[in-house]
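Peer 1: If you read the sequence shown in the working numbering, its first letter stands for residue 1, the second for the next number, and so on.
Source of the hints: derived by calculation from the structure; they are not laboratory data.
Do not take every clue at face value.
[To be verified] Here are the simulated distance ranges between beta carbons:
#	residue 1	residue 2	range
1	23	93	23 to 31 Å
2	138	71	32 to 40 Å
3	99	130	19 to 27 Å
4	141	118	32 to 40 Å
5	91	37	15 to 23 Å
[To be verified] Straight-line distance between alpha carbons at most 35 Å, and here's what the computed DSBU-like set of lysine-lysine pairs gives:
#	residue 1	residue 2
6	30	78
7	30	132
8	132	78
For each residue, glycine too, the CB sits at the ideal point set by N, CA and C.
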Amino acid sequence: MEANRLHRGRLIDHIQLVVRDLDASEIFYKAVMSVLDIPVLSTDNGYLLADELIISSTNSPTAAGELTGRHHLAFQAKDRAIVDAFYSAALANGGRDNGAPGVRAYHPGYYAAFVLDPDGNNIEAVYQGEAKRNAPSVIIEF
Numbered sequence: 001m002e003a004n005r006l007h008r009g010r011l012i013d014h015i016q017l018v019v020r021d022l023d024a025s026e027i028f029y030k031a032v033m034s035v036l037d038i039p040v041l042s043t044d045n046g047y048l049l050a051d052e053l054i055i056s057s058t059n060s061p062t063a064a065g066e067l068t069g070r071h072h073l074a075f076q077a078k079d080r081a082i083v084d085a086f087y088s089a090a091l092a093n094g095g096r097d098n099g100a101p102g103v104r105a106y107h108p109g110y111y112a113a114f115v116l117d118p119d120g121n122n123i124e125a126v127y128q129g130e131a132k133r134n135a136p137s138v139i140i141e142f
């Protein structure tokens, strides 16, 4: 990769932070994201959305009742087989099970596996279902 060229959208699917006080976090993130021209959407399910960032209360079904101290990183997978391979490789190399590969109820076609890395971070591989990208990544040149 050239030093004056960055690619975005190839590795990270989303990042989730679980917070103690969702109302206070909503005020904060709406303020800082508005400066960045990124809208924050509130949901009725105990979480906020800001592009690839999800901010959840501990009560949200997406949070499993745990505060972030452990981070949740979700990596894009090309298909279900990659999710399965990710899970097996993680368990074989020091990871701990945090949700075997399978369909999740987040939306139709969401197939994911969750592991805890050696430090307890929640690492996910996710295949979002059949889709066609309009570009492999966003290229930022400067």
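Peer 1: Find the hints from earlier in the document that the structure breaks and name them by number, from lowest to highest.
Peer 2: 1, 2, 5
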